Amino acid sequence: MKRNLALLLSAALLGVSLTACSSSNDSSNNNVKASSSPDSDSSASPALSGDDLAFSKFPKPVDVHIGMVVDPTDKTLPEGDSVSNNQYTRYLKDNYNINVIVDWTAATGNDFKQKVSLTIASGKLPDGMVVDDRSFMTKAASSGLLYDIGDLFDQYASKQVKDIMASTEGRALENASYKGKMVSLPNITVDTDGVHVMWIRKDWLDKLSLPVPKTIADLEKTAKAFMDNKLGGDKTIGIAGPSKNTFPYSTFLVSSNNMAGFDPIFGANDAYPGYWLDNGDGTVSYGTTSENTKKTLAVLADWYKKGLIDPEVGTRDNTGDPINANQTGIFFGPWWNGGYGNGDSFKNDPTANWQAYPVYSDDGKWNTHMKTTGSTYTIISKNAKPDVVKAIMIMNNALVRDEATFDLSVAVGWYPLRNVMAAANETEYEYTELTKVLKGEAEPEDYNVPNSLYKLMYADAKKVRDVVKPPYDELGVSNFSTANFGDFQRLYSLLIGDRPFATTPIDKKVYSVTYNQTPTMETKWANLKKMEDETVLKIILGQQPIDSFDKFVKDWKSQGGDEITAEVAELLKK
Amino acid sequence: MRKLGHQKHYYLMLLPGMVWLVMFSIVPMFGILMAFQNFNPGMGLFKSEWVGLENFKYMFQLNDSKTVIVNTFIIAIGKIVMNLIVPLVFAILLNELRSLRYKRLVQTVVYLPHFLSWVIMSTIVIGIFGYYGVVNTVIGYFGVDPKLFMADSSIFRQLIIGTDVWKEFGYNAIIYLAALTGVNPNLYEAAAIDGANRWQLVRNVTLPALTTTVVLLGVLSLGNVLNAGFDQVYNLYNPLVYSTGDILDTWVYRLGLQNLQFSLATAAGLFKSVISFALIYISYRLAYRYADYTIF
Amino acid sequence: MVRNTTLGSRAFDIANIVLLALLVISCVYPLWYTFCVSISEKSAANAGLVTIYPIGFSLTPYKEIINDSMFFNAFWISIQRTVLGTSFSLFVTVLMAYPLARPKRDFKTRNMFMWILVFCMLFNGGLIPWYLTIQNYHLIDTIWALVLGAGVPVFDVILIMNFFRNLPKELNEAAVVDGAGPWSVLFRVYIPCSIPVLAAVALFISVYHWNEFFNGLVLSNTQSSYPLQTYIQQLVVNIPVGTNLTPEQYKKLSELSNRTLNSAKVFIAMVPMLIVYPFLQKYFVSGIMLGAVKE
Numbered sequence: 016m017k018r019n020l021a022l023l024l025s026a027a028l029l030g031v032s033l034t035a036c037s038s039s040n041d042s043s044n045n046n047v048k049a050s051s052s053p054d055s056d057s058s059a060s061p062a063l064s065g066d067d068l069a070f071s072k073f074p075k076p077v078d079v080h081i082g083m084v085v086d087p088t089d090k091t092l093p094e095g096d097s098v099s100n101n102q103y104t105r106y107l108k109d110n111y112n113i114n115v116i117v118d119w120t121a122a123t124g125n126d127f128k129q130k131v132s133l134t135i136a137s138g139k140l141p142d143g144m145v146v147d148d149r150s151f152m153t154k155a156a157s158s159g160l161l162y163d164i165g166d167l168f169d170q171y172a173s174k175q176v177k178d179i180m181a182s183t184e185g186r187a188l189e190n191a192s193y194k195g196k197m198v199s200l201p202n203i204t205v206d207t208d209g210v211h212v213m214w215i216r217k218d219w220l221d222k223l224s225l226p227v228p229k230t231i232a233d234l235e236k237t238a239k240a241f242m243d244n245k246l247g248g249d250k251t252i253g254i255a256g257p258s259k260n261t262f263p264y265s266t267f268l269v270s271s272n273n274m275a276g277f278d279p280i281f282g283a284n285d286a287y288p289g290y291w292l293d294n295g296d297g298t299v300s301y302g303t304t305s306e307n308t309k310k311t312l313a314v315l316a317d318w319y320k321k322g323l324i325d326p327e328v329g330t331r332d333n334t335g336d337p338i339n340a341n342q343t344g345i346f347f348g349p350w351w352n353g354g355y356g357n358g359d360s361f362k363n364d365p366t367a368n369w370q371a372y373p374v375y376s377d378d379g380k381w382n383t384h385m386k387t388t389g390s391t392y393t394i395i396s397k398n399a400k401p402d403v404v405k406a407i408m409i410m411n412n413a414l415v416r417d418e419a420t421f422d423l424s425v426a427v428g429w430y431p432l433r434n435v436m437a438a439a440n441e442t443e444y445e446y447t448e449l450t451k452v453l454k455g456e457a458e459p460e461d462y463n464v465p466n467s468l469y470k471l472m473y474a475d476a477k478k479v480r481d482v483v484k485p486p487y488d489e490l491g492v493s494n495f496s497t498a499n500f501g502d503f504q505r506l507y508s509l510l511i512g513d514r515p516f517a518t519t520p521i522d523k524k525v526y527s528v529t530y531n532q533t534p535t536m537e538t539k540w541a542n543l544k545k546m547e548d549e550t551v552l553k554i555i556l557g558q559q560p561i562d563s564f565d566k567f568v569k570d571w572k573s574q575g576g577d578e579i580t581a582e583v584a585e586l587l588k589k
Numbered sequence: 327m328r329k330l331g332h333q334k335h336y337y338l339m340l341l342p343g344m345v346w347l348v349m350f351s352i353v354p355m356f357g358i359l360m361a362f363q364n365f366n367p368g369m370g371l372f373k374s375e376w377v378g379l380e381n382f383k384y385m386f387q388l389n390d391s392k393t394v395i396v397n398t399f400i401i402a403i404g405k406i407v408m409n410l411i412v413p414l415v416f417a418i419l420l421n422e423l424r425s426l427r428y429k430r431l432v433q434t435v436v437y438l439p440h441f442l443s444w445v446i447m448s449t450i451v452i453g454i455f456g457y458y459g460v461v462n463t464v465i466g467y468f469g470v471d472p473k474l475f476m477a478d479s480s481i482f483r484q485l486i487i488g489t490d491v492w493k494e495f496g497y498n499a500i501i502y503l504a505a506l507t508g509v510n511p512n513l514y515e516a517a518a519i520d521g522a523n524r525w526q527l528v529r530n531v532t533l534p535a536l537t538t539t540v541v542l543l544g545v546l547s548l549g550n551v552l553n554a555g556f557d558q559v560y561n562l563y564n565p566l567v568y569s570t571g572d573i574l575d576t577w578v579y580r581l582g583l584q585n586l587q588f589s590l591a592t593a594a595g596l597f598k599s600v601i602s603f604a605l606i607y608i609s610y611r612l613a614y615r616y617a618d619y620t621i622f
Numbered sequence: 002m003v004r005n006t007t008l009g010s011r012a013f014d015i016a017n018i019v020l021l022a023l024l025v026i027s028c029v030y031p032l033w034y035t036f037c038v039s040i041s042e043k044s045a046a047n048a049g050l051v052t053i054y055p056i057g058f059s060l061t062p063y064k065e066i067i068n069d070s071m072f073f074n075a076f077w078i079s080i081q082r083t084v085l086g087t088s089f090s091l092f093v094t095v096l097m098a099y100p101l102a103r104p105k106r107d108f109k110t111r112n113m114f115m116w117i118l119v120f121c122m123l124f125n126g127g128l129i130p131w132y133l134t135i136q137n138y139h140l141i142d143t144i145w146a147l148v149l150g151a152g153v154p155v156f157d158v159i160l161i162m163n164f165f166r167n168l169p170k171e172l173n174e175a176a177v178v179d180g181a182g183p184w185s186v187l188f189r190v191y192i193p194c195s196i197p198v199l200a201a202v203a204l205f206i207s208v209y210h211w212n213e214f215f216n217g218l219v220l221s222n223t224q225s226s227y228p229l230q231t232y233i234q235q236l237v238v239n240i241p242v243g244t245n246l247t248p249e250q251y252k253k254l255s256e257l258s259n260r261t262l263n264s265a266k267v268f269i270a271m272v273p274m275l276i277v278y279p280f281l282q283k284y285f286v287s288g289i290m291l292g293a294v295k296e
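Protein chains in written order, with the numbering used here: chain A, 16 to 589; chain B, 327 to 622; chain C, 2 to 296.
By construction, these hints were calculated from the structure, which means they are not laboratory data. It is possible that part of the hints are untrue.
[Said to hold, decoys possible] Derived pair list, reagent style DSS-like, types lysine-lysine, alpha-carbon separation capped at 30 Å:
(1) A:572 to B:473
(2) B:383 to A:128
(3) A:397 to B:373
(4) A:569 to B:392
(5) B:392 to A:572
(6) A:194 to B:373
(7) A:250 to B:473
(8) A:321 to A:544
(9) B:473 to A:245
(10) C:170 to B:334
(11) A:380 to A:236
(12) B:473 to A:545
(13) A:544 to B:473
(14) A:544 to B:392
(15) C:105 to B:334
(16) B:392 to A:309
(17) A:128 to B:373
(18) B:392 to A:566
(19) C:109 to B:334
(20) B:473 to A:566
(21) B:383 to A:539
(22) A:569 to B:383
(23) A:320 to B:473
(24) C:64 to A:362
[To be verified] Derived contacts from chain A toward chain B, CB cut-off under 7 Å, selection only:
(25) 136
(26) 153
(27) 154
(28) 159
(29) 160
(30) 326
(31) 327
Since this is a predicted model, take the numbers as computed values, not measurements. Glycine included, each C-beta is placed from N, C-alpha and C at the ideal position.
Kindly generate the complete structure, drawing on both the sequences and the hints.
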């Protein structure tokens, strides 16, 4: 009897697969059909222009198919809501008659990358998706899969969006274009994302009555003191470093947000590895191959040998682990690494007074490399109807204008096609203005300006007095209330993390000649990068002598480095 | 000749499987064409530009390809050999146990690691071999300085092979144990009466009973000489061990995911398939000619 | 078994017992480690301090899982997938193994089919064409994509085929003389004789289905159709930091490295296999001679 049942079951399965096969032909043009509902011309409404057009409501519902990144651990969606039906999609439906249809989702990181590359390879893009790597955008563009959005952008982007684009002096537009055509909406992030500072436990310094270290030599003494006094327990780590997935320094391709790299140390030695440097005489060089980089690597190797750097550097699973577990009192990273980046550290030790400072060169200069405008892109399928493209523009306008007014108890990551656009100096502006609010020199209502370039300013100004308590002259963790942890993290990052960049002048800002791949890089860069990563880490860990650096430079040049340098020099001429 | 009349029934029995193979295996094989194209997703498989063997030429020109192929061979062959021998030794040792209950316990426990995927296992392995991990603690008792095992390219391959064997030996032994239970106990008794000691029993009774199994498994695994285990390596390696740990699959994965070089990835995959097929065919002929043994 | 009581033999016995005990410990360790991490304090777990016993005690992760409907959804999908997938593959596998086990004089085109099978085992068109094919069958985001994706495990076909070939020829001939056709020979004679090998193969296939995560990721469009391993994988897997994450994204990222919760999920995911295995193991010890062995 059982046997017959199994037979029946399997036969049924087989039937399914066969019918699935035979029905595949007649519905193979499904994709086209699905997005054709707003086919009818909806711009029949009276001629609008400017922001009226940028925030216009479609007379008939417009379906927008998207692929979307999600955070699998997020628990903020209320019961019954879903990725395609939540407060953000309802907002878009109610205000603009835009129906968001989510074709697929994938988790942040490699899962999402995989799904995007599969989608591009299959040549069937959803109407819109946000890709987090420029090479995805250029691959899709060079395969002719993307919509040339230039004209529609001019008509439909809001003034706010255009202002933010303009604040980058054309760099954002150039970034978003392929062969002179605008094929994507770029994200624009704050400059300070690319400025890496030293994060240090001020409470540990105070315990040992040590001053804030300023130079590389000071740092070495401080790290040693932290370790000798076992301030982080028996297994105190002097200075945290990169994990197996992160790198010792940010590079021209990934020029920002390098948590627990060594960027400030390189900067203090006037070295900018990973960046294409303008030599000032019409030539360019690659920062990694410079003598100053070699000098800095020697310092790091020496520190590693002395046990000052995390012994598991380069092999650790997650770079944040020793920081959050309060095993270490020193690491390097951008403004948000303290606060947003190490929330668990405060939870595990409420007295962890992380403070941010620059690292100076021996002659007292603060040098830092600077990032590109942004590196995620909203790409729109060539097959999208013009109305769908307009809808995506409007979704972006609405996000930029209204993000601050949303009820953030539902994570804003659920906003479909969310691609951040912020004025490049937003963080510094907020730092300055929030300080004024705290000191009573300004009132939150002063910032109630509709369509402001600084979209989160008003919301933050209203919160700041609840979260930060006096005295205000020297802010530390004891000034902050952690009652609303999200607010705490944001304001801690803003007021502590961005203080160096907002208040201390930078002596030397270094930009890369290019932040994109040149044609030869498309085939040769993977190999050169691999060689570079391997050499740098091995030198730091003492597996290769510092002298092997010279051989690396030679190999690097002969295996395509020279060829690529010439290409980058061409870019400089333009 | 009534038997030939059964042929149509045989075809009928093969039908479901063959339908599946055509639908899910043979149809997608048209993708192999990509290896000979400069594949452009916008144009699709039939309109993309044909480039002949360019992708293959390019693949072998890359400096990495040699390192990667050598690494792949060494790791894969190491795994094949060790995964044949270790479970075999284990099965024999287990067979020698006198307490049936202990035997049962061991047998039930050793398959455990097999059920853990490498995603999970890698965090455990990194923990065990980490700077503050169990291994360093133990060698610390003997006065040896802690060592960063995961960052040492000179032992990375051994580490990969060793952890794989450790993870799979219990499971791989199942087939040997199954074969052993089929051995007639009278054979042991007869040999013992002839005065054979334990080693001789193992050599003359146990091992011969396992020979065919070893041969079959060995031959079947020949198709794996270019499979060094993507999941495992991907989850355990880091830039410090690229020189010995980077394998064909991880290399292609990085190229494909970072640079979207679909055609190159397909070419590398095809290269793998062709070599594997050739090896299987050769081993099939060899086994047939010299041992009169048809593997399948 | 014959008792052998020489001194050397005794010494060997003891060494053998100790050696196997060490192996047993090494195999239980991951399970124990995972369990220890799952009930330890979060900060100790993240610092990598947990090695052989839990540090602190907290059941928070398990409480969180009980409230995680996605987890149970994924669990249910995995059970469906494993049951359906194993039945399908086993059925097809057995049906293929029988004709292929016939000698060439009985079944003329046997060798051709055999080589087609081996060819299909080794060659594939790569991920993308495979994905597109399944997409064209409209199976994406359904349980059938996962069930059928595994399809015909050629290795198992060969295993069962070899077992069939080793069954005494008289079985077949006697049945044929009684006038039985191939179908009734297969179902009335061969299958009842092969329960142990079929149990083994069923286990192989079900372990595959239970542990496989990649198809689950590629062939599903939403989290709600992920099987358990895919669901867990996306939580455990590392995300490269520094690739253009906004602060909010990083905040989420640091939550991802929640080792205690992940360990609890991993631990629970292992439970079904641990429960099922002993039942299937009964068949192994009852005396199998797998298809691998040929007279």
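inquiry  = The hint names residue 327 of chain A as touching chain B; please verify it with the least Cβ-Cβ distance against 7 Å.
reply    = At 5 Å from the nearest chain B Cβ, residue 327 of chain A passes the 7 Å test, so the hint holds.
key: Proposed proximity, residue 566 of chain A with residue 392 of chain B (alpha carbon, max 30 Å)   = 20 Å, holds
message = With the threshold set at 30 Å, check whether the alpha-carbon distance from residue 569 of chain A to residue 383 of chain B stays at or below it.
response = This hinted pair holds, its Cα atoms lying about 25 Å apart.
query = CA of residue 383 of chain B to CA of residue 128 of chain A, is that 30 Å or under?
reply = Given that 30 Å is the threshold and the Cα spacing comes to 28 Å, the pair holds.
Pair hint residue 194 of chain A and residue 373 of chain B, alpha-carbon separation not exceeding 30 Å = 23 Å, holds
request  = Take a quick look at whether residue 397 of chain A and residue 373 of chain B sit within 30 Å of each other, Cα to Cα.
outcome  = 18 Å, holds
Agreement of residue 128 of chain A and residue 373 of chain B with the hint, judged by alpha carbon distance not exceeding 30 Å = 26 Å, holds
key: Holds or violated: residue 64 of chain C to residue 362 of chain A, with C-alpha atoms at most 30 Å apart   = Holds. Residue 64 of chain C to residue 362 of chain A sits at ~19 Å (cutoff 30 Å).
task = Using 7 Å as the Cβ threshold, decide whether residue 154 of chain A counts as touching chain B.
result = 4 Å, holds
inquiry  = What's the verdict on residue 544 of chain A and residue 392 of chain B, does the C-alpha distance respect the 30 Å limit or exceed it?
reply    = 17 Å, holds
Supplied contact hint for residue 136 of chain A, tested at 7 Å Cβ to chain B = It holds, given that the least Cβ distance between residue 136 of chain A and chain B is near 5 Å, below 7 Å.
ask   = Would the pair residue 383 of chain B and residue 539 of chain A pass a check requiring their Cα atoms to be no farther apart than 30 Å?
value = Distance of about 15 Å is within 30 Å: holds.
Of the numbered hints stated above, those contradicted by the structure are hints 1 and 26, listed in ascending order.
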